[in-house]
Structure formats: C-alpha cells, structure tokens
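Student: Residue numbers (full-length UniProt numbering), protein chains in the order written: chain V, 1 to 154; chain S, 1 to 154; chain Z, 1 to 154; chain E, 1 to 154.
Please note that a few of the clues may not be correct.
Restricting the straight-line Cα-Cα distance to at most 20 Å, the calculated cross-link-like pairs of lysine to aspartate or glutamate (EDC-like) are [claimed, not checked]:
1. LYS24(Z) - ASP93(V)
2. LYS100(V) - ASP96(S)
3. LYS24(S) - ASP55(E)
4. LYS23(S) - ASP123(E)
5. LYS24(S) - ASP19(E)
6. LYS43(S) - ASP27(Z)
7. LYS100(E) - GLU104(Z)
8. LYS136(S) - ASP93(V)
9. LYS99(V) - ASP27(S)
10. LYS23(S) - GLU67(Z)
11. LYS43(Z) - ASP27(S)
12. LYS100(S) - ASP96(V)
13. LYS32(V) - GLU104(Z)
14. LYS99(Z) - ASP96(E)
15. LYS23(E) - ASP96(S)
Here are a few chain S residues that face chain E, going by a calculated C-beta distance under 8 Å [unchecked claim]:
16. LEU20
17. LYS23
18. LYS24
19. ASP27
20. HIS30
21. ASN59
Derived from the structure by calculation, the hints contain no laboratory data.
Quantities reported herein were computed from a predicted structural model and do not represent experimental measurements.
Backbone N, C-alpha and C fix where the C-beta goes; we use that ideal spot for every residue, glycine too.
There are 4 protein chains.
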Amino acid sequence: MYRVLAAILLSAATAFANDLPNKKYLDLPHIKIMVSAAEAKAKELNVSVTICIVDESGNLLFLEKGETASLNTIQFAQRKARHAAFYGRPSKDGADTIKKGNTEAMAFPEFFPNQGGLPIKIDGKILGGISASGSKSEIDEAIAQSGLDALLKQ
Amino acid sequence: MYRVLAAILLSAATAFANDLPNKKYLDLPHIKIMVSAAEAKAKELNVSVTICIVDESGNLLFLEKGETASLNTIQFAQRKARHAAFYGRPSKDGADTIKKGNTEAMAFPEFFPNQGGLPIKIDGKILGGISASGSKSEIDEAIAQSGLDALLKQ
Amino acid sequence: MYRVLAAILLSAATAFANDLPNKKYLDLPHIKIMVSAAEAKAKELNVSVTICIVDESGNLLFLEKGETASLNTIQFAQRKARHAAFYGRPSKDGADTIKKGNTEAMAFPEFFPNQGGLPIKIDGKILGGISASGSKSEIDEAIAQSGLDALLKQ
Amino acid sequence: MYRVLAAILLSAATAFANDLPNKKYLDLPHIKIMVSAAEAKAKELNVSVTICIVDESGNLLFLEKGETASLNTIQFAQRKARHAAFYGRPSKDGADTIKKGNTEAMAFPEFFPNQGGLPIKIDGKILGGISASGSKSEIDEAIAQSGLDALLKQ
C-alpha cells in the first residue's frame, strides 16, 4: 500500500522534474565542424584570423588565435561574438547603430560596434555567437558566416 | 536633585536621537503589489519582460527574468532602474540627453540611456526605481508605469 | 531534379541542426514554485531572508530581498547561488574548503565560502543555483533546500 | 457625485502611499555634531585622523582627511565605516573573525578586518557607520565612539 503511494509520489516527482522545458545547446562536435569550416574559408581567402564561439550567456566555448593575427583580435573576436549572442544580431548592426547617430548604444552591456560576429540561432532561439577577427570586417563576417553555414546548411 | 538632572539629560538624549528625520522606504508588500501590476500589464500586452526594482541607492530589491526575455534584459533592467533612482528621472531622459548631443553624459555614474526605467517618488522624494526590459522601450516603460501606478494611484 | 537535390540537402541540413543536444533549463513557472516553497519555509521558521536563483552561467533569474534582511544579503545571496551553480556543490563546501586550510580557493572565480547556496541539478546536470541569506547559515540553507525540494520532490 | 468618488479614490491613494513604512536617516546637522565630537576627541588625544560617515548602503556622507594622517587612511576609514554599516558590527569584529581563523570571511562583500569603524544604530536599526583612521586602532575606535556618543548619549 505504502509502496504504491511512494511509487505514485515518485512518478509525480519525476513528472514534475521532467516538466522542465528543453533547449538546444552547442556541443563540441558541432563547434569543431563550425571552426573547421571557418578555418577553410580563411585559408581560401588567404587570411589569418582569430576565430571565437561563445554560448548565449557569452561564455567562451572556443577561441583560436590566427597565426599572424594581431593580439587585439583576441579581444575583438570575443566582443563581436558576445554582441551577437546578447543581441541576437550581427555585430555589424552595432556599428550601423552608431553610424546612424544612436550613440547611446555605446553604453549598452556587451554592445560592440564592429562587424564580424554573427548570432547562432536555431528555431529562432539564440544558442550563442561566432566571430572572426583579423582581416577586413566584411571578410571577418564572411568567415564567421562559413562557420554558421556548416551548422545550418550542411 | 541629581536624579532630576539625570532624568532631564536622558530625556534630552532621547529627544536628540528621536530628532533624526524620517523617510519612507519600499517594503516587500508594496514591492509585490508593484510587481504584480507590472506582470499583469505585461500579460495584457502579451510580452515577456524582466522586471526590476531597486532602492534609492541602487540596491537590488527585486528582479524577475521574463520567461522568454533575452539574457541581456537582466542587465538592462537593473541599469534602467538604477538610472531612474540615481537621477530621479525616467531612463528615457538619458536616451534623449544623448540624442540631443550631450554625449558627455555617457561618462556619468549609473547613467543609462535607454527607456523603460522610472523613478519611484513619494512626496517628491526618491524611494528607488522600477523598470522593465524585453519589449520595445515604450512598452517596457508602460509596464514599469503600471507598477508605479499600483503604488501611487491604487 | 534540382528540387529533389535541394530537398535532400535541406532535409540533411535539418537533420544536422536537429542533431544538436538538448538540456533542461529553469522556466519561470518552476522558479516561482521554488520561491514560494522557500518563502513558506522562511515564514514557518519566522525569519526574513533574501532569496535568489541563478542559471548555470550565474545569470540572475530571480532575487527578492527579505523585508528585514540586511542590505548585505543582496550580495551574499547572489554569491552563494553563483558558487553553487559554478561548482555544482553547496556553498557550505566552499566554507569547509577554507576551514580545512585550502586558502588558495579564495582566489577561484565565483568561489564563495558561506553556507546557504545549493546547486539545482536534474539528471546529474547543473541547471543553476538557489540560495537564501539573512538568517543563520544552516537556516539559510534549509530554506534554499525547501525551494529545491519543491522542484525535485513535489 | 463624481467629485465625491474622486475624493474617495484620492484619499484611498494617499492612504496607500502613506501606508509605506518609515525609517530614520542621518541628516547633515546630526552628522556635523558627530564629526565635531570625534574631532574634539582626536584633539584631546592629540592625534590626527581621517573621519568618515557612511549610510546603511555604504554611501559616503562625510569624509575629512586628518591634517597629518597618511593617504591610506582615506581608504581605511571608508572601508571600516562600510564594514560597520554592512554587518551592523564594529570593524574590530572583522579583525577578530580572521584572528580566530575564519579566513573565509576575507571573501565577504565589504568585509574589512580592521578596528576603528562602528555601526550607527537607532532602535536596533542600522543607519550607517562611523569610523576614524590614522592612529592606533583602539584610538581610532575611541574617536569613532565619541562621534557615536554625541548622537546617542547627548
């Protein structure tokens, strides 16, 4: 009798815990595929860039400094990727926002106005951001896009 | 004789301590009423926002992340509320200040130029700030205003 | 012919994107149940505590300052919850670590050596941390535990 | 008729706003009296100290560097006063806590283990902290106590 009750309570507990919603997240195999695609694109374009991937909280999941990329790319890559993850928009939008005269955005948390970071979205939900830094901003973004394509369009 | 003197001195002491001025402050029951009203407004407008209330020193008294609000709303909500509490003005004024070209304000402490935070004033004295973040800025402010109305116009 | 190929590629793409792993996360309904249970326990014990819940990255999902809890509980509650989320262990372990003489831990990120914060784990995975601050550390932890029980043992 | 209703609603509003609790706070006249008493004590003891008063949130309400007090007293005085305000205990307790081997306290927010800061309490509620720095710790505390006595025992 008690066992039955216990079993019911347990299943109820399980049911409640299982009741929590789920969300996708970036695992290492997918991250490596994205990085490989970005590296291939950089090689194709004959540039050396720092590649970075962060999760939706801005946690650094991967960073690889480009062989001849300058040291400041280590910061630029992280900030571009975080902007993309925090705002769910390309970091280029940050640059455009300032160019349009909306200077107040400079005060926003994790806001970084430089092209080259892209949000990683699946089913409309932000999983993180990917970026490249070390070449011209348009090329940096094209490299980040290649990493994104490997995830979304393979 | 001495006792009388002692009694006089003591009463004087008491009088002096009691002489300190008083000020109202936000207690939990009122905070919950404000939050409930803000949540109701958000539900009515069918948006998910992070709601925040701080005291006049910027101490965080309450924060609740909106279910589908992005992670950056956690920072935005706190900064909007602190701006409102520190400057005694809606955080929209901060945005307007920058749009007018007074860029120097970007360097001011706790200054945050984004609509959605409102000062909590009673009898002309600042008790703190309330904010919402996660929807359009005007809607964020309308939700914060609903919380404020629950305190001021109930 | 091309459409067929496109369709195949698309389905492959979808397959690959869907391939990403899933993880549970704390949503607002469950957070409110945890908070209500913690508040009920605090009331039962006749103490006023600040209650805090963070996600696995330390992002603040909920904070409510206890009515008569001192202002420092706002910081203590957040740090206890973050320690629990970051290390997947009760913040009491942090205190024990130092008492054992492992002072070096004082330098660890988000390490906070004070009882009252507990990790929120489901199926062995950390979803975040819950804490209470304002009473004796053992009571703070008991209140956090009540919030946790509401999630795990309901 | 409508006016009557309006009047009722208004009075209800007022009632609700007035419903907020009150707390005493330190005003400038009382602060000046505390400082004068502390300065008198320092002169009597023939020492030069930095005197500091903060509110319960740690906001700096008054600071006066002693004529020959070293520059580091500017930081010491503020930290002693904040410890006292945050923990509602003399900053000497902080020093004793560490001496007893509870090293973990070094990680606590605003914790400062050095004698010379005292909490300002009225009716059991913390209004802030007062401190002195520049002489021996016991003398620093005696000077802070004189400032406190001027408020509590006049």
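Student: CA of LYS99(Z) to CA of ASP96(E), is that 20 Å or under?
Tutor: holds, 16 Å
Student: Given HIS30(S) as an interface hint, is the shortest Cβ-Cβ distance to chain E below 8 Å?
Tutor: Interface hint status for HIS30(S): holds (6 Å vs cutoff 8 Å).
Student: Just to be careful, I want the Cα atoms of LYS23(S) and GLU67(Z) compared with a cutoff of 20 Å; is the pair within it?
Tutor: holds, 16 Å
Student: Are the Cα atoms of LYS100(V) and ASP96(S) separated by 20 Å or less?
Tutor: holds, 15 Å
Student: Does the structure keep LYS24(Z) and ASP93(V) at a Cα separation of 20 Å or less?
Tutor: violated, 31 Å
Student: Can the restraint linking LYS32(V) and GLU104(Z) be considered satisfied, given a maximum Cα separation of 20 Å?
Tutor: Measuring from Cα to Cα gives roughly 34 Å; hence the hint is violated.
Student: With a cut-off of 20 Å on the C-alpha distance, tell me whether LYS136(S) and ASP93(V) pass.
Tutor: holds, 17 Å
Student: Within 20 Å, alpha carbon to alpha carbon, are LYS24(S) and ASP19(E)?
Tutor: With a Cα-Cα distance of about 9 Å, the restraint between LYS24(S) and ASP19(E) holds, given a limit of 20 Å.
Student: Would the pair LYS23(E) and ASP96(S) pass a check requiring their Cα atoms to be no farther apart than 20 Å?
Tutor: violated, 35 Å
Student: Has the given pair, LYS99(V) with ASP27(S), been kept, meaning a C-alpha gap of at most 20 Å?
Tutor: violated, 44 Å
Student: Is the hint on LEU20(S) kept, meaning its closest Cβ partner in chain E is under 8 Å away?
Tutor: Result: holds, 4 Å to nearest chain E Cβ.
Student: Take a quick look at whether LYS23(S) and ASP123(E) sit within 20 Å of each other, Cα to Cα.
Tutor: At roughly 15 Å apart (the allowed maximum being 20 Å), ASP123(E) and LYS23(S) satisfy the hint.
In this structure, the hints that do not hold are numbers 1, 9, 13, 15, in rising order.
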